[in-house]
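Q: Since the structure of chain A is already known, use the hints to place chain B with the ligands on it.
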Amino acid sequence: MKILVAISNVPDTTAKISFTNGGAEFNAAGVTFIINPYDEWYALVRALELKEAGKATQVSLIHVGLADSEATIRKGLALGADDAIRVNAEGPDAYFVAEQIAKYAKDNGYELVLVGKETINYNGSSVGGMIGGMTDWAYVSLATKMDFNGTTATIEHDIDGGTQVVECTTPMVVSCAKGMAEQRIPNMRGIMAARTKPITVVEPAGNDKLTSIKSFELSKGRTDCKFIDENNMDELVNLLHTEAKVI
Amino acid sequence: MSVLIFTEINKGKVKKASLECINYGAKIAQTLGTTATAVVFNADAAQLEEIGKAGATKIVSVKNAALNNDADNALIASAVEQVAKAEDSKVIVFAFDVTGKAVAPRLSGKMKAGLVAGAVDYPVANGNALEVKKNVFSGKATAIYSINSDVKIISLLPNSFPVSLGENKATVEESSVEVGTSKITVKETKSSSSGTSVPLPEAELVVSAGRGMKGPENWGMIEELANVIGATTACSRPVADMHWRPHHEHVGQTGIAIRPNLYIAIGISGAIQHLAGVNGSKTIVVINSDKEAPFFKSADYGVVGDAFTIVPKLTEAIKKLKANSN
Ligand SMILES: Cc1cc2nc3c(=O)[nH]c(=O)nc-3n(C[C@H](O)[C@H](O)[C@H](O)COP(=O)(O)OP(=O)(O)OC[C@H]3O[C@@H](n4cnc5c(N)ncnc54)[C@H](O)[C@@H]3O)c2cc1C
Ligand SMILES: Nc1ncnc2c1ncn2[C@@H]1O[C@H](COP(=O)(O)O)[C@@H](O)[C@H]1O
Numbered sequence: 001m002k003i004l005v006a007i008s009n010v011p012d013t014t015a016k017i018s019f020t021n022g023g024a025e026f027n028a029a030g031v032t033f034i035i036n037p038y039d040e041w042y043a044l045v046r047a048l049e050l051k052e053a054g055k056a057t058q059v060s061l062i063h064v065g066l067a068d069s070e071a072t073i074r075k076g077l078a079l080g081a082d083d084a085i086r087v088n089a090e091g092p093d094a095y096f097v098a099e100q101i102a103k104y105a106k107d108n109g110y111e112l113v114l115v116g117k118e119t120i121n122y123n124g125s126s127v128g129g130m131i132g133g134m135t136d137w138a139y140v141s142l143a144t145k146m147d148f149n150g151t152t153a154t155i156e157h158d159i160d161g162g163t164q165v166v167e168c169t170t171p172m173v174v175s176c177a178k179g180m181a182e183q184r185i186p187n188m189r190g191i192m193a194a195r196t197k198p199i200t201v202v203e204p205a206g207n208d209k210l211t212s213i214k215s216f217e218l219s220k221g222r223t224d225c226k227f228i229d230e231n232n233m234d235e236l237v238n239l240l241h242t243e244a245k246v247i
Numbered sequence: 001m002s003v004l005i006f007t008e009i010n011k012g013k014v015k016k017a018s019l020e021c022i023n024y025g026a027k028i029a030q031t032l033g034t035t036a037t038a039v040v041f042n043a044d045a046a047q048l049e050e051i052g053k054a055g056a057t058k059i060v061s062v063k064n065a066a067l068n069n070d071a072d073n074a075l076i077a078s079a080v081e082q083v084a085k086a087e088d089s090k091v092i093v094f095a096f097d098v099t100g101k102a103v104a105p106r107l108s109g110k111m112k113a114g115l116v117a118g119a120v121d122y123p124v125a126n127g128n129a130l131e132v133k134k135n136v137f138s139g140k141a142t143a144i145y146s147i148n149s150d151v152k153i154i155s156l157l158p159n160s161f162p163v164s165l166g167e168n169k170a171t172v173e174e175s176s177v178e179v180g181t182s183k184i185t186v187k188e189t190k191s192s193s194s195g196t197s198v199p200l201p202e203a204e205l206v207v208s209a210g211r212g213m214k215g216p217e218n219w220g221m222i223e224e225l226a227n228v229i230g231a232t233t234a235c236s237r238p239v240a241d242m243h244w245r246p247h248h249e250h251v252g253q254t255g256i257a258i259r260p261n262l263y264i265a266i267g268i269s270g271a272i273q274h275l276a277g278v279n280g281s282k283t284i285v286v287i288n289s290d291k292e293a294p295f296f297k298s299a300d301y302g303v304v305g306d307a308f309t310i311v312p313k314l315t316e317a318i319k320k321l322k323a324n325s326n
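Line by line, the protein sequences are chains A and B.
Residue 117 in the numbering used here sits at position 117 of the first sequence, with consecutive numbering throughout.
Residue 92 in the numbering used here sits at position 92 of the second sequence, with consecutive numbering throughout.
Only chain A is shown next, with the shape it has when bound in the complex:
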């Protein structure tokens, strides 16, 4: 089984978010970019575990983005992915990104596409389901456990108000959430090996961008916290009742 892990390049979780050009663009100055945590900790690590267990033959990374994301791709290779594909085009339209990944997966014989639950910059939770719709493959969302017996997967995933265990045969798309695997740190050998692993650059197929971002705005923070004495919970309750009107 060949696994294709879709990785996104996102600002570090502690990065200060700001915009330039009158709110038209994200200000990347001084921001460190990382692999989207869900893609790295859960999707990629689980794919590597499946290969280590002899259940997968190849783990490839795919990223839709420009050359400036190569450092992020190298980190994924350092963790143990065999090779990487970069589709040389800018996101973030989820349809466009999904179309590139769906096409590459089908044309190159991948049977399992893993994505993260969501990206921490665009928070769309969209790309995985779109790939499912485009390929007509099964799509299992929010997977927290996944194992394989031949081409059949047993997957535990979150549903409304609970969890469900399902069985499904490849080809398929799975979005990965917490529980799938534990975060790994790349070791020196991995980092050295990553330097010579191939990153294949391909040009995008088509230019179907169905959405675009017009402008950004920072969310308003809270102005002032009202402090209430720890011995006066009646006052807090009163404020919640009459001022905030939430209880």
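Simulated from the structure, these hints should not be mistaken for laboratory data.
Errors might be hidden in some of the hints.
[Unchecked claim] So, partial list: chain B residues that the calculated Cβ filter (under 7 Å) puts toward chain A: (1) 67; (2) 106; (3) 147; (4) 148; (5) 180; (6) 181; (7) 197; (8) 199; (9) 211; (10) 214; (11) 254; (12) 256; (13) 262; (14) 272; (15) 299.
[Unchecked claim] Distance ranges between label pairs, derived from CB positions: (16) A:58 x B:173: 49 to 59 Å; (17) A:150 x B:316: 51 to 61 Å; (18) A:192 x B:309: 53 to 63 Å; (19) A:229 x B:324: 20 to 30 Å; (20) A:58 x B:305: 51 to 61 Å.
All C-beta atoms in this analysis are idealised placements derived from N, C-alpha and C, irrespective of residue type, glycine included.
A: Structure of chain B with the ligands alone, referenced to chain A:
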């Protein structure tokens, strides 16, 4: 043309998130000068009536045993696609909840329809495009997205608008769809909600606690506080990682993002990744022994002190309020 709203039934009732979507879709239909049509699977008369009250002018009522709440997203997407084509729907509305997060993108991929996932405001028309605001960077910012395709899909972030029900009655049209067979076999379904509490993503009131509670044995007071106000419990990530609490309670960047009316954070420091999942809450109360805890910077009300003495006092004060208002 029409605006189509995907509606779900849960535990015998129309889901609150779906009622929000009907209100939302009805308003979009009004601005676009068209009808708001709801699509629902296997609904009974009372549920259809409620969908009408929320503002749908027409309901396409599909009866098909293969389509239940946790059906394969491929089957649901196929059913919605057939109805959308029959109704000539140019805007399709979903809730940005577990089902909507799986079905809306699948439909987008099938129909080549641009999707804005997690809208927080009404769309504005600009020529043939619709412009919609959504949260980005885990709530640290918002962005205006423009959808340029012919068919447009919007999924609405739950709790963005209050639900209002009127006297409207919808016309109901029975419809049958052909959805094929699922490639996914369900082996086991487990319910995680302990008893009656509202699932976290839909909860209006949330009581959440962190590592400051020292251990799982101390959660009794947290649950009691949640009980008296009718809130759902949540926790920070380390608490779920240490298995003090089940993982579905974990809120934040890597957990669930919520935006209740009230979020009470107890013994949680307020790390940026935690805030990312809760800063959309309307009112935030922070109880923390460290007056320098970063969470106070994002709070509306703060209490500095030991949670072990404050939480029981708060519970008593709320009981008093409830007793007085009865
Ligand atoms: C990529 C990434 C993603 C992450 N995602 C998440 C996420 O989704 N959700 C999340 O929560 N975290 C997340 N984290 C972890 C986050 O950075 C913090 O480590 C975590 O939120 C801290 O949890 P806490 O506040 O419960 O514990 P602590 O930071 O240990 O804080 C405990 C607090 O309790 C207070 N306290 C102690 N005793 C008492 C007492 N008796 N009474 C009152 N207060 C007391 C302390 O003053 C302190 O402020 C993530 C981290 C990373 C790197
Ligand atoms: N530009 C991209 N390149 C490769 N994979 C991506 C890209 N954007 C998103 N993904 C994948 O799709 C998942 C969901 O992204 P989103 O729909 O943006 O929340 C991510 O966790 C990634 O696995």
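Q: Quick check on residue 180 of chain B please, does its C-beta sit within 7 Å of some C-beta on chain A?
A: Since the shortest Cβ distance to chain A is 10 Å, the answer is violated.
Q: Restraint: residue 181 of chain B near chain A, CB-CB cut 7 Å. Satisfied or not?
A: 11 Å, violated
Q: CB of residue 229 of chain A to CB of residue 324 of chain B, is that within 20 to 30 Å?
A: 21 Å, holds
Q: Does residue 199 of chain B pass the interface check with chain A, least Cβ-Cβ distance below 7 Å?
A: 5 Å, holds
Q: Double-check residue 299 of chain B for me: the hint is only fine if its C-beta lies closer than 7 Å to a C-beta in chain A.
A: Result: holds, 4 Å to nearest chain A Cβ.
Q: Quick check on residue 272 of chain B please, does its C-beta sit within 7 Å of some C-beta on chain A?
A: 5 Å, holds
Q: Minimum Cβ distance from residue 256 of chain B to chain A below 7 Å?
A: 9 Å, violated
Q: Can we keep the residue 262 of chain B interface hint, with Cβ of chain A closer than 7 Å?
A: 4 Å, holds
Q: Go through the hint on residue 106 of chain B and say holds or violated, using the shortest Cβ distance to chain A against 7 Å.
A: Holds. Min distance 4 Å.
Q: So, as I understand it, the hint says residue 211 of chain B touches chain A; can you test that by seeing if any CB pair is closer than 7 Å?
A: Since the shortest Cβ distance to chain A is 17 Å, the answer is violated.
Q: Does the nearest C-beta of chain A fall within a distance shorter than 7 Å of the C-beta of residue 197 of chain B?
A: 10 Å, violated
Q: For the hint on residue 254 of chain B, just tell me whether its beta-carbon gets within less than 7 Å of chain A.
A: 6 Å, holds
Consistency note: the structure conflicts with the earlier hints numbered 1, 5, 6, 7, 9, 10 and 12.
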